[in-house]
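Protein chains: 2
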Amino acid sequence: MSESRVEVRSLKDHVGREVTVAGWCYNARPQKRFKFLELRDGTGTVQCVFGAETSLNNSFERFEEEITQESSLYVTGIVTKHPKHDDVFELDARDFRMEGRSENYPIQPKEHGVDFLFSQRHLYLRSSRPHAILRVRHRVVKAIRDYFDSHGFTLLDSPILTANAGEGTSTLFATEYFDLGQAYLAQTGQLYGEAGCMAFGKVYTFGPTFRAEKSATRRHLTEFWMVEPEVAFMDLEGNMSLAEDFICYIVECVLTDCRPELERLERDISKLEAVKKPFPRITYSDAVEVLAQKGQPIPWGEDFGAPHETAVSADYDRPLIITKYPEAVKAFYMKRDADDPRVVLAMDVIAPEGYGEIIGGSQREENIDVLVHRIEHEKLPMEAFEWYLDLRRYGSVPHSGFGMGLERMVAWMCGTQHIRETIPFPRTIDRLRP
Amino acid sequence: MSESRVEVRSLKDHVGREVTVAGWCYNARPQKRFKFLELRDGTGTVQCVFGAETSLNNSFERFEEEITQESSLYVTGIVTKHPKHDDVFELDARDFRMEGRSENYPIQPKEHGVDFLFSQRHLYLRSSRPHAILRVRHRVVKAIRDYFDSHGFTLLDSPILTANAGEGTSTLFATEYFDLGQAYLAQTGQLYGEAGCMAFGKVYTFGPTFRAEKSATRRHLTEFWMVEPEVAFMDLEGNMSLAEDFICYIVECVLTDCRPELERLERDISKLEAVKKPFPRITYSDAVEVLAQKGQPIPWGEDFGAPHETAVSADYDRPLIITKYPEAVKAFYMKRDADDPRVVLAMDVIAPEGYGEIIGGSQREENIDVLVHRIEHEKLPMEAFEWYLDLRRYGSVPHSGFGMGLERMVAWMCGTQHIRETIPFPRTIDRLRP
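From first to last, the protein sequence lines stand for chains F and W.
Position 372, counted from 1, in the first sequence is what our numbering calls 352; the numbers after and before it change by one each time, with no gaps.
Position 163, counted from 1, in the second sequence is what our numbering calls 143; the numbers after and before it change by one each time, with no gaps.
Just to be clear, a hint being listed does not mean it is correct.
It does not matter which identical chain is used: a pair holds within one copy or between any two.
Said to hold, decoys possible - In silico DMTMM-like links for lysine to aspartate or glutamate, alpha-carbon gap of 25 Å or less:
| hint | residue 1 | residue 2 |
| --- | --- | --- |
| 1 | K256 | E246 |
| 2 | K251 | E363 |
| 3 | K90 | E366 |
| 4 | K64 | E246 |
| 5 | K194 | D159 |
| 6 | K274 | D215 |
| 7 | K90 | D370 |
| 8 | K(-8) | D129 |
| 9 | K122 | D225 |
If you are wondering where the hints come from, they were derived from the structure by calculation, not from laboratory data.
Quick caveat: nothing in here was measured; it's all calculated off a predicted structure.
With the rest of the complex left out, here is chain F:
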């Protein structure tokens, strides 16, 4: 057999030549005069056509017996251009050689229950829908990193294992840490990002974060990735502009490079094309009024739930930025609004189409007295925050940042209802395998 192995994605450069493709049988349809094999190799799928007259070494005869679903094999043939479709190439197959046989592959071309598919996630990744979603995830991650790397940010990997119980231990995973007592898995890298921005000006953390919450909703994972930029000498206004520009860049990258994936996922691409700057901006107080008008009243001071976010953002075709939330519903480190001490300089970015909050951020409190007061008020352990307070003792500056949940962003891009589809091996309250 020919030794010039090529990937499916590169077939277009080999039209008319004999090549070998190595991959797995995605589907096989033997007919009387031609036998069709859809061969996937991870970079794409190619139709290999075995003809009764043209195939060698009895490959036409061996076809049904040997080529089962997800068997691995090498197919040799001549690359041809599809007569009707541009950008579609086929293999006028001559021969095949088996590598690894597959018998009774668990995932059949029929409807399976979601729970079954995720119990087979190690195999389910080969199916076209997970494949497309995770390719979009790949592109989103690259867009995130490219954006910050090209805008003067320094990557600051924050630790997963932390001594800070921080905002209470009830939603933290804990582990014994040698002779130092309990360590907790980080829920955020933000406090470390704040230290970083005083050293590097602009930083971002990007890594897995953990929530031991007993929430079993379609928007919760116990382990998920979060990117968190933090910028010195930046106020809430700058923070909003950064979030806006950042989101638009990601959407643009996905639209440019992931058309085939979005089409396979039947995503309404026009909805993503509408995502342009500027984003509408309203305050929490405005949003409360809008909710009252829409017949979903909520008392001023209470936090919004997913249905409120959906209702408020329903009028917009692009993300909505809601600012200035009541102090009580936001974290202790957010800066109070000088014009209205009831609210803090927070911002949430709500994706359109009901995909909910994708970004939460704020300007941070840089005044040590206010911050100490807030820590005391929330009955947090002051000692755990001494190093964090140092950032206000030694050259405190105005600074801001936000966190974006990667999986929520990917879910919005792909139009998937359940966030577990957006991560290779999801961890939820009832799933820890494979």
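Position chain W against the provided structure of chain F, taking the given hints into account.
Same frame as chain F, now just chain W:
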């Protein structure tokens, strides 16, 4: 004061113009007629010169009283080019405005103990040595991702929380996982990468990994980042070529973009410039002979320690690839050598200059019978590996991959002796804060 704020790194574009720089006092040297302030903003450091005649608003007089080490402030002045040095720009300062005062900054311009500096890591990041090392880290991470992204790899984020105790629980961090019992923090993403390469052809995982080893050496962290490519239809030979090409690319990126950092770290740049393909390759058995000749004999079958690696690699000015280790010293999933069943198709890449192993990898065992036998032989829990065995049941293919420890790579690039310097917030057996 002028509102046209610029970053230090951009001063070269503003020569002759009045600008404002926001930053922190790195050093202040008041003299009789001129007062000198080194202002750092994370993107660089600029010398601001206040003249008795030219400064406004009593800034010359206020200088000593107000500007203390690490105070944050805004300095306005005219950008000038250094009379002697190209690429050096100064600020002919007119005025300054304080933002946050700093009193008794803990890190003084004198020698501090390492333990003290790492207890102040949140502030120590501002010093020039950590700053330079973490900028190199940033560049290495970008090089790693760019390399794989541009070579057809799909990023596959593997889970941190796993049910697999895998190779024994003694070096694992454990946590309670709801009603599902213990979860363990991943030591590697490799098994997941293997599942991924059957779906995407080429994948890489890149994230934090954990070792609860009670090792307190200069080469161990309990939490560190590892990148692990895994490629379907690739053998040991391809794996070596990939590792070689990958390392050369990273070194090239660092040499191109991190000269100032390497110079600040007093790195011998010529040592890095020598790192070119091809790398020397020897077998474990050859290495045992070399060690005997060098008067450091080791019985065939025992694993190399750091001193052995240093001795064997001492003759080379570039990384050394050692292959085909005895089965007993390597992991169960490595493929046996068909020509010599005592050894497996493993490879370690040893950095020059005594920086030790930076890559460990292998061709993987694709035969399910051999793999089952190895799992039984090592008394590992078969049930935990059922999903992994599925990868051999359903279209098994030859495949290979490796893991590179990010911090070891950065330590080699920077020429640092202790790995804790290469990560923002190191976690070691006796350090969990800040």
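Hints, verified against the model:
In this assembly of identical chains, K256 and E246 lie within 25 Å of each other by CA distance solely inside one copy; the values are 21 Å within and 47 Å between copies. Taking the closest pair of Cα atoms, K251 and E363 never come within 25 Å of each other, the shortest separation being 48 Å inside a single copy and 45 Å across copies. Taking the shortest alpha-carbon separations for K90 and E366, only the inter-copy value of 24 Å comes in at or below 25 Å, while the best intra-copy value is 58 Å. In this assembly of identical chains, the alpha carbons of K64 and E246 lie at most 25 Å apart only when taken from the same copy (23 Å versus 62 Å across copies).
In the homo-oligomer, the alpha carbons of K194 and D159 lie at most 25 Å apart only across protomers (11 Å), although the nearest pairing inside one protomer, at 29 Å, exceeds that limit. Proximity of K274 to D215 under the C-alpha cut-off of 25 Å is found in neither arrangement, the shortest distances being 32 Å within a copy and 63 Å between copies. In this assembly of identical chains, K90 and D370 lie within 25 Å of each other by CA distance solely across copies; the values are 20 Å between and 59 Å within a copy. For the identical chains of this complex, K(-8) and D129 are inter-copy neighbours only, at 20 Å across copies versus 33 Å inside a copy, given an alpha-carbon limit of 25 Å.
In the homo-oligomer, the alpha carbons of K122 and D225 lie at most 25 Å apart both inside one protomer (16 Å) and across protomers (21 Å), since each shortest distance falls under that limit.
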